[in-house]
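Chain order of the listed sequences is A and B. Going by our numbering, the letters in the first sequence line up with residues 1 to 580, in that order. Going by our numbering, the letters in the second sequence line up with residues 581 to 1160, in that order.
Treat the hints with care, as some may be off.
What the hints assert, rightly or not - Here are the simulated DMTMM-like pairs of lysine to aspartate or glutamate, each with C-alpha atoms no more than 20 Å apart in a straight line:
1) A:K18 with A:E443
2) A:K409 with B:E1023
3) A:K171 with B:E1100
4) A:K195 with B:D1040
5) B:K1103 with B:D936
6) B:K1017 with A:D460
7) A:K171 with B:E1036
8) A:K98 with A:E66
9) A:K409 with B:E1026
10) B:K751 with A:E456
11) B:K989 with B:E1014
12) B:K1017 with A:E443
13) A:K437 with B:D1156
14) A:K195 with B:E1023
15) B:K751 with A:D460
16) B:K590 with B:D606
17) A:K195 with B:E1036
18) A:K437 with B:E1026
19) A:K195 with B:E1037
20) B:K989 with A:E443
21) B:K989 with A:D460
22) B:K956 with B:D1156
Source of the hints: derived by calculation from the structure; they are not laboratory data.
Okay, here's what each chain looks like letter by letter:
Number of protein chains: 2
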Amino acid sequence: MPSIDPQSEKLFQSLLTKDDLSGYEDPVKFQEWIPKIEAYRKRLADAIPPELTTELPQPIDRLIEEQFDAVAYLYDAKLLSPHEFEITDTTGPAIVAKIASGEWTAVEVFKAFAKRAILAHQFTNCAVEVFIDKGLERAKELDAYYKENDGKTVGPLHGLPISLKEHVALKGRIGHVGCVALLDNIMARDSVTAKILFDLGGVFYIRTNEPQALLHLDSGNNITGLTKCPYNLLLSSGGSSSGEGAIVAFGGSVVGVGSDIGGSIRSPAAFSGCHGLRPTSRRISGRGVVGGESGQESVVGVLGPLARTIDDIDLFMKAYINNGEPWHLDPWSLPMQWREVATPKIANLKIAVVRDDGVVRVSPPITRGLNHVVSKLKSAGAEVIEFVPTKSQLAYDTAMKLYNADGNKELRDLFSASGEPLPRLTKWYLNAGEGTKMHTAHENRELNAQRDRLREEYSDWMVENEIDFILGPAYNNVAPKSEEVYNESYTIIYNLLDFPSLVFQTGLRQDPSVDVWTEEDKKFEFRNGMEELENRSYDPQGFKGAPIALQLSGRRYFDEEVVAGGKAIVDLLGVDLLKH
Amino acid sequence: MPSIDPQSEKLFQSLLTKDDLSGYEDPVKFQEWIPKIEAYRKRLADAIPPELTTELPQPIDRLIEEQFDAVAYLYDAKLLSPHEFEITDTTGPAIVAKIASGEWTAVEVFKAFAKRAILAHQFTNCAVEVFIDKGLERAKELDAYYKENDGKTVGPLHGLPISLKEHVALKGRIGHVGCVALLDNIMARDSVTAKILFDLGGVFYIRTNEPQALLHLDSGNNITGLTKCPYNLLLSSGGSSSGEGAIVAFGGSVVGVGSDIGGSIRSPAAFSGCHGLRPTSRRISGRGVVGGESGQESVVGVLGPLARTIDDIDLFMKAYINNGEPWHLDPWSLPMQWREVATPKIANLKIAVVRDDGVVRVSPPITRGLNHVVSKLKSAGAEVIEFVPTKSQLAYDTAMKLYNADGNKELRDLFSASGEPLPRLTKWYLNAGEGTKMHTAHENRELNAQRDRLREEYSDWMVENEIDFILGPAYNNVAPKSEEVYNESYTIIYNLLDFPSLVFQTGLRQDPSVDVWTEEDKKFEFRNGMEELENRSYDPQGFKGAPIALQLSGRRYFDEEVVAGGKAIVDLLGVDLLKH
Chain A
1 MPSIDPQSEK LFQSLLTKDD LSGYEDPVKF QEWIPKIEAY RKRLADAIPP ELTTELPQPI
61 DRLIEEQFDA VAYLYDAKLL SPHEFEITDT TGPAIVAKIA SGEWTAVEVF KAFAKRAILA
121 HQFTNCAVEV FIDKGLERAK ELDAYYKEND GKTVGPLHGL PISLKEHVAL KGRIGHVGCV
181 ALLDNIMARD SVTAKILFDL GGVFYIRTNE PQALLHLDSG NNITGLTKCP YNLLLSSGGS
241 SSGEGAIVAF GGSVVGVGSD IGGSIRSPAA FSGCHGLRPT SRRISGRGVV GGESGQESVV
301 GVLGPLARTI DDIDLFMKAY INNGEPWHLD PWSLPMQWRE VATPKIANLK IAVVRDDGVV
361 RVSPPITRGL NHVVSKLKSA GAEVIEFVPT KSQLAYDTAM KLYNADGNKE LRDLFSASGE
421 PLPRLTKWYL NAGEGTKMHT AHENRELNAQ RDRLREEYSD WMVENEIDFI LGPAYNNVAP
481 KSEEVYNESY TIIYNLLDFP SLVFQTGLRQ DPSVDVWTEE DKKFEFRNGM EELENRSYDP
541 QGFKGAPIAL QLSGRRYFDE EVVAGGKAIV DLLGVDLLKH
Chain B
581 MPSIDPQSEK LFQSLLTKDD LSGYEDPVKF QEWIPKIEAY RKRLADAIPP ELTTELPQPI
641 DRLIEEQFDA VAYLYDAKLL SPHEFEITDT TGPAIVAKIA SGEWTAVEVF KAFAKRAILA
701 HQFTNCAVEV FIDKGLERAK ELDAYYKEND GKTVGPLHGL PISLKEHVAL KGRIGHVGCV
761 ALLDNIMARD SVTAKILFDL GGVFYIRTNE PQALLHLDSG NNITGLTKCP YNLLLSSGGS
821 SSGEGAIVAF GGSVVGVGSD IGGSIRSPAA FSGCHGLRPT SRRISGRGVV GGESGQESVV
881 GVLGPLARTI DDIDLFMKAY INNGEPWHLD PWSLPMQWRE VATPKIANLK IAVVRDDGVV
941 RVSPPITRGL NHVVSKLKSA GAEVIEFVPT KSQLAYDTAM KLYNADGNKE LRDLFSASGE
1001 PLPRLTKWYL NAGEGTKMHT AHENRELNAQ RDRLREEYSD WMVENEIDFI LGPAYNNVAP
1061 KSEEVYNESY TIIYNLLDFP SLVFQTGLRQ DPSVDVWTEE DKKFEFRNGM EELENRSYDP
1121 QGFKGAPIAL QLSGRRYFDE EVVAGGKAIV DLLGVDLLKH
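Take these sequences, add in the hints, and give me the full structure.
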């Protein structure tokens, strides 16, 4: 793997000042865990059915180095049959309709996705656990049920292949959230969300990769390693729903279940090349996920879908909420229906656009993406106002302090239990906020109150100015190189505000000949070390074909409007990730 | 005022071990504040229109001593005209309907309630601020609007007299939450809830009493003093919505707005003799209330209604939520409609009854109330199961630690700013939980996680056993003597669980000849000091005619079911607080 520019590495090291990183790693203790890691990897490798694999055109390291576009290759090399392409490039609502009408069987659908999922893993390293046999068995059961019940389905997701981020626990399987110390942690029960999706007819067959303790917008861990962007294997697939980004963008599942506490659904969607929704809190249950019950409620993690069409996201939310009724299984979940909201007319929308949040300047492809979308919106009659957020740094700092308010105690306990080496970006994260400083309950309350003031300020501003949505970057760059993802400011603010946020693909891809820093750009004076790190890491030649995504956010609990608005915009842009 | 039994006082003092109570009081500094307190009291006295008052039958101290029943006297002495009685003993829905149909004017309704409110204050000391002139002006404006708009009302609460707990802030008025140091605190804007109620047509004219910093299930403060139960002036009206309990039970407003973080709506409803709903969190906005934005979100305070009929409570919730749409004014509020839920058939209900929570044994009148209601429910075909909660003490301790997790810092800052004397029960509260121990953010998270486990356990148990409601005491006694209210375990558990809880009147009243400890009761061994304090304070002769209330609780966010179930039970019992 290409190494990190020495000057950047020096800057990176100089910014690690809040946690001296002692007391985490223990090379001697870690030795005891290596056999478990090896056994885990072997089980993963052994579970992959050889007949579903392809011979890579070159060794994987070489493909990475040459910024290989695995999605283009999938089509160009015809790695699937025409019928398999047809199935796996059909929307979720159409798939369940075709199974419900008897046109397709669940088994037929499953087999096509299983093949594409295994291919996704070969190129991107997205999986941590594969159980094609169980998925096939489930699909057969669904077909049998359908036959025995005169064409009745078990639920609105009957036969839908769904991939799960590893920490969305399944009974009897390991739950490790990317942490070596949890390799013996067998889950006593299904997470509520997995149970609901299964009961609605979902088919599970693959669990996907995450960074250590879900900490990065990337995938560094000591168990199964890094996941890659399918459109450019040099780049990160994002994180912490790293495997979900890759598998969904590659088309290996219809919907992926991710989770997001600082951007962890949106970053992989943006980087990998699909759409992803971070719903408002308490709409999708987090009960029973690994590492999900820590009592940290200042900025809460939420589960949500990644998919290649907005219709899939809508199907997931509607079926899960209205049919799944999570509130009977989890008192944290709100008994609030998923409302039917019509796709709005673009001309009726008032949208505030953020081009720079003042924390980290965006790279040239993101500027191009913003210009493109704003121009399309204006042409279609939308009212677009420029919005210069004045408190992004405050929001970022508040969120970071809240995450780490326990002085990294929980993480130190977790990491030191195995003594595993700290991935590069874990060090970054441990130095965020106030690092090892243990906050008092009083300080935590003061930060909560600051968060609440920001929520009120943003919400009031949107109501008073009748702003439907805030449009902006999902990150200051396209997919970055692996282990060079530092800034979460563009996503984290919506975790702090608890606003629903949809990352959507613009249909544009990075172009080295166009997406260059201008002469004026080069004169820019960095406003902070993180910005310098981030901006230095963008060189036009290193990001070929990376997807360009943006983010659309709405007011708290107006998830339905955000999804409908996202659909209107994606349609306006003519984005169709199912067509190649 | 009768003094506290010396043995109880000794026990009380012996239980104060967690906060040495130093650093709060400062008699020298407090001297500076006395003129402000006097001015405040004088404004209150001056604002009372003499023509609305009555001559008390005896000096107030004498009435208190003899356990005077002010409600009975109101009717016996005919302190209102027949038409004023008719108006003030009509339900809220009927009042707004009569105003909307032109049968009554807002002014006519207002005048009757204003008179009854002033009488309530004379007997119970419920008010801290009175502005009859403003209320009359508002009623006139509403009548004028109605006339000018061909019989159109401004909203579903057009002309409804509503009383407000003092901390439900009004623009331009003082907001002090019972704290001397806040006597200069002029509110810059209306609280969201006050604004919504006003915009829906509410008429404001009185603000009511609370204990210091809302800390007690009683009313001790240094500004306007104690509020009394209208049915027995010796007893406490409860707290912290102390004045709301008294004014509503006396009939001085149709609906009172209280708030509840540990029982503060339910205690005054129970003690004073009306009904009161603690809604699930985030249904009624707390934005802009005095002392409401501290960032303490582990066990949150909620606003809610007190009233003499369940229909009034339903009207309040429905109009406030569905017409007021608080989510546009407060991002903490959930955009969740108030659902129409039919009054259930008693025979279709499955109810778990708690007779003893294991923390404090209930007194004889409460046992009688439970037996009465359970017997009626069984006769009507309800399935009633006995429920012995095993974790009440854990729930109580967890909640208390969470309230005080900041080691009383915020309270110390607030009280020491004026150096005011600490009311007796403030000392009790400061010694709850772990008193002065400043918790770390990590410890706070652990307590949150404990709370979440309890929420899940209770919710799962109700779902799995198809329990509709939990029925139990609202407190271990009827209204206690003033300043002798120690235990919150029967209410606090529902704050911790965030379950909607309705206190309703059973229609029974304490009877000294019946409600006595049995010989077996007398052999009971106290399980803790608080229980001893509480149980010792009950002697049958000292609680004549105190209302006997119970509490009905449901699952989180099933507020509508709790209100409908409460209506079914109140109807079954034949309770009608509008009839005398």
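So, going through the hints one by one against the coordinates:
1. Of the pairs offered as hints, the one joining K18 of chain A and E443 of chain A holds, with about 17 Å between alpha carbons and a cut-off of 20 Å not exceeded.
2. Pair hint K409 of chain A plus E1023 of chain B holds up; C-alpha atoms about 11 Å apart against a cutoff of 20 Å.
3. At roughly 51 Å between alpha-carbon atoms, K171 of chain A and E1100 of chain B are farther apart than 20 Å, so this suggested pair is violated.
4. At most 20 Å may separate the alpha-carbon atoms for a hinted pair to count; K195 of chain A and D1040 of chain B meet this at roughly 15 Å.
5. Restraint check for K1103 of chain B and D936 of chain B: the C-alpha separation of about 16 Å stays at or below 20 Å, so the hint holds.
6. A hinted pair counts as satisfied when its Cα atoms are at most 20 Å apart, and K1017 of chain B with D460 of chain A does not qualify at roughly 37 Å.
7. For the given pair, K171 of chain A sits about 18 Å from E1036 of chain B by alpha-carbon distance, which is consistent with the 20 Å threshold.
8. Proximity of K98 of chain A to E66 of chain A is assessed by CA-CA distance (about 40 Å); at most 20 Å being required, the pair is judged violated.
9. Only pairs whose Cα atoms come within 20 Å are accepted, and K409 of chain A paired with E1026 of chain B is accepted, the gap being roughly 12 Å.
10. Among the hinted pairs, K751 of chain B with E456 of chain A is consistent with the structure: their alpha-carbon atoms are about 18 Å apart, no more than 20 Å.
11. At most 20 Å may separate the alpha-carbon atoms for a hinted pair to count; K989 of chain B and E1014 of chain B meet this at roughly 12 Å.
12. At roughly 14 Å between alpha-carbon atoms, K1017 of chain B and E443 of chain A fall within 20 Å of each other, so this suggested pair holds.
13. Straight-line distance between C-alpha atoms of K437 of chain A and D1156 of chain B comes to about 58 Å, which puts the hinted pair past the 20 Å bound.
14. As the CA atoms of K195 of chain A and E1023 of chain B are separated by approximately 31 Å, the hinted pair breaks the 20 Å bound.
15. Only pairs whose Cα atoms come within 20 Å are accepted, and K751 of chain B paired with D460 of chain A is accepted, the gap being roughly 18 Å.
16. Our distance criterion of 20 Å between C-alpha atoms is broken by K590 of chain B and D606 of chain B, whose separation comes to about 24 Å.
17. Restraint check for K195 of chain A and E1036 of chain B: satisfied, since their Cα atoms lie roughly 16 Å apart, inside the 20 Å limit.
18. Between the alpha carbons of K437 of chain A and E1026 of chain B the distance comes to roughly 17 Å, so the proposed pair stays at or under 20 Å and holds.
19. A distance of roughly 18 Å separates the Cα atoms of K195 of chain A and E1037 of chain B; the hinted pair therefore holds under the 20 Å criterion.
20. Of the supplied pair hints, the one linking K989 of chain B and E443 of chain A holds, its CA atoms being roughly 11 Å apart against a limit of 20 Å.
21. Restraint check: the Cα-Cα separation between K989 of chain B and D460 of chain A comes to about 31 Å, which exceeds 20 Å; the hinted pair is violated.
22. About 16 Å separates the Cα atoms of K956 of chain B and D1156 of chain B, which keeps this hinted pair within 20 Å; it holds.
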